Amino acid sequence: MKYDFLPLSDAVSKKDIDAYKTSYKLPSSLSSVIASTIIFIVFLIIFIFAYNGYKELIIFVVLTAALTVYFLLKSIKRVRTLREYRVKLWKFAKENNITYPSENYNVTYEGNIFNRGENRYSYDILSFVCSENRSVEIANYRYDIRTESRYSDGKR
108 MKYDFLPLSD
118 AVSKKDIDAY
128 KTSYKLPSSL
138 SSVIASTIIF
148 IVFLIIFIFA
158 YNGYKELIIF
168 VVLTAALTVY
178 FLLKSIKRVR
188 TLREYRVKLW
198 KFAKENNITY
208 PSENYNVTYE
218 GNIFNRGENR
228 YSYDILSFVC
238 SENRSVEIAN
248 YRYDIRTESR
258 YSDGKR
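Mapping of the sequence shown onto the working numbering: residues 108 to 263, in sequence order.
These are computed hints drawn from the structure, not numbers from a lab.
One or more of the hints may lead you astray.
[Stated by the list, open to error] Simulated crosslink set (BS3-like; lysine-lysine; CA at most 30 Å straight-line):
| id | residue 1 | residue 2 |
| --- | --- | --- |
| 1 | Lys128 | Lys201 |
| 2 | Lys109 | Lys181 |
| 3 | Lys184 | Lys128 |
| 4 | Lys128 | Lys181 |
| 5 | Lys184 | Lys195 |
[To be verified] Just the calculated beta-carbon pair ranges, DEER-fashion:
| id | residue 1 | residue 2 | range |
| --- | --- | --- | --- |
| 6 | Asp117 | Phe167 | 40 to 50 Å |
| 7 | Tyr192 | Asn222 | 20 to 30 Å |
| 8 | Ala126 | Lys181 | 20 to 30 Å |
The structure presented is a predicted model; accordingly, all values stated were derived computationally and were not measured.
Virtual Cβ for every residue (Gly too), placed ideally from N, Cα, C.
Could you put together the complete structure from these sequences and hints?
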């Protein structure tokens, strides 16, 4: 079977994002914005109090505010990039009649990595149906491993 790879390189429009949102959840930068805003407000208050006598704190607060803004903008850019990536995968799957379940938290495959760790899930999944009712999945897979430093009982 021949696949149309053009949707993977096309630009993502607002219309594409809105169509994607009807079926799937897009990553949000809201938590980053809220956290950065709170940090900025706290340091702004410190700045106001510091301005009245502690000039050394002014430099600290200005640098911290600049870093906060930098990480906020970087976080927003990362979320936008991830959104475009997922919409492109979805468009590719839709154009080529490929199943795109997006995420799967019930990973039950055989193999060494699929039995390790906890909180196992797959994401950005493309499920192809091949000849003779065989299927192939391409996905990202993630799981957590217990370590002694994270748990006091030391179990793995």
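Right, here's what the structure says about each hint:
1. Lys128 - Lys201: holds, 14 Å
2. Lys109 - Lys181: Answer violated: Lys109 to Lys181 is near 38 Å, above 30 Å.
3. Lys184 - Lys128: Answer holds: Lys184 to Lys128 is near 19 Å, not above 30 Å.
4. Lys128 - Lys181: holds, 23 Å
5. Lys184 - Lys195: holds, 17 Å
6. Asp117 - Phe167: 40 to 50 Å: holds, 46 Å
7. Tyr192 - Asn222: 20 to 30 Å: Given about 29 Å between the Cβ atoms, the range holds.
8. Ala126 - Lys181: 20 to 30 Å: For Lys181 against Ala126, whose Cβ atoms are near 28 Å apart, the range 20 to 30 Å holds.
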